[in-house]
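Trainee: Chains as they are written, first to last, in the working numbering: chain P, 1 to 79; chain H, 1 to 384; chain V, 1 to 277.
Everything labelled a hint here was simulated from the structure, so no lab data went into it. Among these hints, one or two may not hold up.
Stated by the list, open to error - With a Cα cut of at most 30 Å, we get these calculated DSS-like pairs of lysine-lysine: (1) P:K70 to V:K189; (2) H:K258 to H:K227; (3) P:K26 to V:K227; (4) H:K227 to V:K91; (5) V:K241 to H:K227; (6) P:K26 to V:K229; (7) V:K229 to H:K227; (8) V:K227 to P:K27; (9) H:K227 to V:K224; (10) V:K213 to V:K189; (11) H:K4 to V:K267; (12) P:K70 to V:K224.
Said to hold, decoys possible - Far from chain V, some chain P residues (derived; all Cβ distances over 10 Å): (13) R5; (14) S22; (15) K26; (16) P31; (17) A49.
As the list claims (entries may be wrong) - Coverage of chain V stretches by chain P, computed from C-beta distances (three or more under 8 Å per stretch; other residues unrestricted): (18) 21-31; (19) 107-118; (20) 122-132.
All figures in this text were calculated on a predicted structure; none of them were measured in a lab. Virtual Cβ for every residue (Gly too), placed ideally from N, Cα, C.
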Amino acid sequence: MAKVRIYRDLCKGVEECGICVSVCPKKLFQPSAALNPKGYRPPEMKDEAACTGCENCMIYCPDLAVAVKKEKAAKGAKK
Amino acid sequence: MKGKRVQTGKYFMMGNIACAEGALAAGCEFAAGYPITPATEIANRLAERLPQVGGMFLQTEDEISSIAAIIGASWTGKKVMTATSGPGISLMLENIGFAIGVETPCVIVNVQRGGPTTGMPTAGVPADMVQPKRGSHGDYEIIALCPASPQEMFEHTVLAFNFAEKYRVPVFILSDALVGHMREEVVIPEADNIEIVNRKVPDIGTDPQKVKGFLDEDVAPMFLFGKGFRSHVTSSCHDEYGKRNLSDLTALDNFIRKLSDKILKHKEDIVRVERDYEGAEVVLVSYGAVSRAARMAANLAREQGLPVGTLRLITAWPFPGEEIEEMARKAKKVIVLENNLGQLYPFIKAEAACHADVSFLPPRVIGEIQDPEAILERIREVLK
Amino acid sequence: MSEIVHPLHRFIRPYVTSTTNCPGCGNGIAAQAILRAVDELGMTLDDFIFVTGIGCSAWIPSPFFDVDVLHTTHGRPIAFALGIKMGLPEKKVMVTSGDGDLAAIGGNHLIHNARRNVEMVVICLNNGIYGMTGGQAAPTTPMGLKTASTPYGTFENPFDISELVIAAGASFVARWTTHHARQLTASIKKAVPKKGFSFIEVITQCPVQYGRKTGSGSAVQMMKEYKEKSILLKEAAKLSKDELRGRIVVGELVEKEAPEMLDELNKMKRRVSGEKA
Numbered sequence: 001m002a003k004v005r006i007y008r009d010l011c012k013g014v015e016e017c018g019i020c021v022s023v024c025p026k027k028l029f030q031p032s033a034a035l036n037p038k039g040y041r042p043p044e045m046k047d048e049a050a051c052t053g054c055e056n057c058m059i060y061c062p063d064l065a066v067a068v069k070k071e072k073a074a075k076g077a078k079k
Numbered sequence: 001m002k003g004k005r006v007q008t009g010k011y012f013m014m015g016n017i018a019c020a021e022g023a024l025a026a027g028c029e030f031a032a033g034y035p036i037t038p039a040t041e042i043a044n045r046l047a048e049r050l051p052q053v054g055g056m057f058l059q060t061e062d063e064i065s066s067i068a069a070i071i072g073a074s075w076t077g078k079k080v081m082t083a084t085s086g087p088g089i090s091l092m093l094e095n096i097g098f099a100i101g102v103e104t105p106c107v108i109v110n111v112q113r114g115g116p117t118t119g120m121p122t123a124g125v126p127a128d129m130v131q132p133k134r135g136s137h138g139d140y141e142i143i144a145l146c147p148a149s150p151q152e153m154f155e156h157t158v159l160a161f162n163f164a165e166k167y168r169v170p171v172f173i174l175s176d177a178l179v180g181h182m183r184e185e186v187v188i189p190e191a192d193n194i195e196i197v198n199r200k201v202p203d204i205g206t207d208p209q210k211v212k213g214f215l216d217e218d219v220a221p222m223f224l225f226g227k228g229f230r231s232h233v234t235s236s237c238h239d240e241y242g243k244r245n246l247s248d249l250t251a252l253d254n255f256i257r258k259l260s261d262k263i264l265k266h267k268e269d270i271v272r273v274e275r276d277y278e279g280a281e282v283v284l285v286s287y288g289a290v291s292r293a294a295r296m297a298a299n300l301a302r303e304q305g306l307p308v309g310t311l312r313l314i315t316a317w318p319f320p321g322e323e324i325e326e327m328a329r330k331a332k333k334v335i336v337l338e339n340n341l342g343q344l345y346p347f348i349k350a351e352a353a354c355h356a357d358v359s360f361l362p363p364r365v366i367g368e369i370q371d372p373e374a375i376l377e378r379i380r381e382v383l384k
Numbered sequence: 001m002s003e004i005v006h007p008l009h010r011f012i013r014p015y016v017t018s019t020t021n022c023p024g025c026g027n028g029i030a031a032q033a034i035l036r037a038v039d040e041l042g043m044t045l046d047d048f049i050f051v052t053g054i055g056c057s058a059w060i061p062s063p064f065f066d067v068d069v070l071h072t073t074h075g076r077p078i079a080f081a082l083g084i085k086m087g088l089p090e091k092k093v094m095v096t097s098g099d100g101d102l103a104a105i106g107g108n109h110l111i112h113n114a115r116r117n118v119e120m121v122v123i124c125l126n127n128g129i130y131g132m133t134g135g136q137a138a139p140t141t142p143m144g145l146k147t148a149s150t151p152y153g154t155f156e157n158p159f160d161i162s163e164l165v166i167a168a169g170a171s172f173v174a175r176w177t178t179h180h181a182r183q184l185t186a187s188i189k190k191a192v193p194k195k196g197f198s199f200i201e202v203i204t205q206c207p208v209q210y211g212r213k214t215g216s217g218s219a220v221q222m223m224k225e226y227k228e229k230s231i232l233l234k235e236a237a238k239l240s241k242d243e244l245r246g247r248i249v250v251g252e253l254v255e256k257e258a259p260e261m262l263d264e265l266n267k268m269k270r271r272v273s274g275e276k277a
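Make the full structure from the sequences, and use the hints.
Mentor: Spelled out as C-alpha cells, the structure:
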C-alpha cells in the first residue's frame, strides 16, 4: 500500500515522456483527462490501492513529478 | 629568502622575480601556470615561495587549465595569479572573458615577446597591448598596467591585486622580456607600508536572491563558495542575482553595460599616467621599456633648449583618453613611441589629433628600443 | 491526496519552477539519482560545490539544485574544479557534464585530472550526441549514424570514455545507464566519500536530438534498449570481445587505491615547512 502524488504542473506528459507509465510493474498509470497549463497530459493512477510502493515511478521521473510514500513495508518491492 | 611574505630590503633583482615577490607581498595564495619563455621565472619563483607561506603553485596541463584553476580558486576566496606570454594569453582568452563576465578577481601577467605565433620568445616586444581589451569576445572593460622597471614589476603587481579585489575584475600586467629579464635595484618596503585591499564579501546568512552579487557599478559583494550562500555563478547572461536570462535583450543590454560601467565609472581611481610636459611643445607618449628611452631623449632635448616633455602611460586599459586629450590641448606636436607597429597609437591619435599634430615613431628595428638620438632627430623634424 | 511531498524537492532552488529538460530526458533521472545519493548519505548540498560546462547536462545543477555552482566554459569544468578543490579541500566537488564537454573539447582536462587522481566526482552524461546545439555527432556517436553534422553517417571510431579514464589512472570508475537509476545512486554514494578521482559514466537518452532525429526511438524505447544491451561487468568477463560488440558493460569497472593529488601535495607542504628552521 502506498500513497502516490502526481505533481501535474511539473509533468511533461504521458506521450512525450511516459517513463512512469513504462516502469510501473503493475501498469497503474493511465493518461488523465485534462492537460496541464503547459499543454502536457499528465498521468493519473488507475488503482492506487494496488500500488506496492516500489517507487519506480518516483525514482525514474526526470522531472521529480511523482512522489511515493509507502504506507507500510512493501515486501515485494524491487531493490 | 624563505618563509616571510614580504621580503623587506634593497635588492638587485630581476623584473620577473620582483613580480613574484610583489604577488606574495600582495597576499597571493594560489597561482597556476604553464612554462613559457620569457615568463617562466615567475612560475618557478612562485612554486618555491608560495608553499613557504602556506600557499601553492600548480603547473597545469596547459594555459587554459591554469586560468581556469585560478578562477575556481578565486571563488573560494583566494587571491590568485598566473603568468605567461602572448601565446598563453591567446589560449586563456575565453576563460578571461568568463572571469570578466562573472566578476572574478585575478591577476594575469603577460611577459610579452616577439610575435606573431611562436615568433621570438626572448625578444622583448610589447606585442599584445590591445589583446587584453579586444582579445576575448564581446564588449568589456579590463585593467592593464605597464611596468617600466623591476621596481614597477613589484609595485604594479601589488597594485594589480588591489585593483582586482576592489573591482572584481581580471587585471593584466603588460610586461615584456626586456623589463622581465632586466636586473635593477628593487626596494621592498616594510609590510606595514604596503597597502592591501580585500574584496567585499557578504555576511554569512545573506540571501543572494535579496542582495546583488553581480552587475553593480559600485562593485557587488562576492558570494564566495563554501559559505552556505548557494551561490549561482553562470557564464550565461544573468541578472544582478546570478539568475540566467537567455531571452530578454534588456537583460543582455544590462549585462554588457553594467560590466563595463563598473570600470568606466571609476576611471579616476584606476587610470595612472606620469606627466612631465609642463611648458612643452613636443610631448613624447610612451609606456613600458620604451619610456626609458623617451625620458632620456626628453632630457637630452631639454639640455639643448628644446621644449620637450613626456607622458608615460602606466594604465593601458581602461584607456587614458582624458589624460591624453588634456596633454594634447597643451602640446603642439605629439610623438607616440612604441616598440611595435603602433598598437596603442590609433587610440592615442583618436584622442589627440584634433588638438595637436600626432605622429608615430617605431624603433629602427622592432624589438630594439628607440635610440634616444633617433628620437631627438624626429623631435627636431617636427619642430621645423 | 496532496499531503505527501517529494523527499528531494527540498534540494531544489526556490525560484526554479520546473526543469529545463525535454520530456523524457535522461539527465533528469541522473539529477534525481544525485540528489537521492546526497540524501541517503545524510549530507546536505552545502557539503558540495558543483561545477559544470556547456551542454544540457551542465544544467543539471544550474539553476535546479540549491547549491554553490560554477557554470563555466565549454570543456573546462574539471579545470575549474581543480582550483575550487585547492581552495576548499574539505568540500565535495562534483562535476556534471556531457560526453562532448568532457571527452571532446575537455578531453585533456579529463585525462590529466584522472592521472592526478584529484579527489572529485565527475558524472559524465553520455548521450552520444551534441544535444544542446541540435544533434551533431559526438566522439561517442556510433559509427554510421546520420546526425546533423554527419548527414551521410559518421565515419569515426567512437570513444569508450570509461576505458580512457581507467587508463589515465582514476581510482574509481563506474558505468550505468538511466535504466539503472538505483545502481547509479549506489555508485554515487560510494564515490562521494572516496579519496581520489571518481568517474561515473551514465548512458542517457536524448529523446529529441538523438531519439527522434536519428530514428532511434522515444525515451521509453531508448531506456528499454539500454536494459537489453546492458551487461554486468562480471557477466561480460565471460564473453569474448566479439560477443560484447554492441553491448553496454555496466557496473563498478575499477575501484582501487592510488595516491591522490591533494594528499601528496600536503605531504610535500609538510616537508617544506619542516625544512624551514
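Trainee: Decide, hint by hint, whether the structure agrees.
Mentor: Checked hints:
{"no.": "1", "hint": "P:K70 to V:K189", "verdict": "holds (23 Å)"}
{"no.": "2", "hint": "H:K258 to H:K227", "verdict": "holds (26 Å)"}
{"no.": "3", "hint": "P:K26 to V:K227", "verdict": "holds (19 Å)"}
{"no.": "4", "hint": "H:K227 to V:K91", "verdict": "holds (10 Å)"}
{"no.": "5", "hint": "V:K241 to H:K227", "verdict": "violated (50 Å)"}
{"no.": "6", "hint": "P:K26 to V:K229", "verdict": "holds (24 Å)"}
{"no.": "7", "hint": "V:K229 to H:K227", "verdict": "violated (44 Å)"}
{"no.": "8", "hint": "V:K227 to P:K27", "verdict": "holds (18 Å)"}
{"no.": "9", "hint": "H:K227 to V:K224", "verdict": "violated (43 Å)"}
{"no.": "10", "hint": "V:K213 to V:K189", "verdict": "violated (35 Å)"}
{"no.": "11", "hint": "H:K4 to V:K267", "verdict": "holds (21 Å)"}
{"no.": "12", "hint": "P:K70 to V:K224", "verdict": "holds (26 Å)"}
{"no.": "13", "hint": "R5", "verdict": "violated (5 Å)"}
{"no.": "14", "hint": "S22", "verdict": "violated (4 Å)"}
{"no.": "15", "hint": "K26", "verdict": "holds (17 Å)"}
{"no.": "16", "hint": "P31", "verdict": "holds (14 Å)"}
{"no.": "17", "hint": "A49", "verdict": "holds (13 Å)"}
{"no.": "18", "hint": "21-31", "verdict": "holds (count 10)"}
{"no.": "19", "hint": "107-118", "verdict": "violated (count 0)"}
{"no.": "20", "hint": "122-132", "verdict": "violated (count 0)"}
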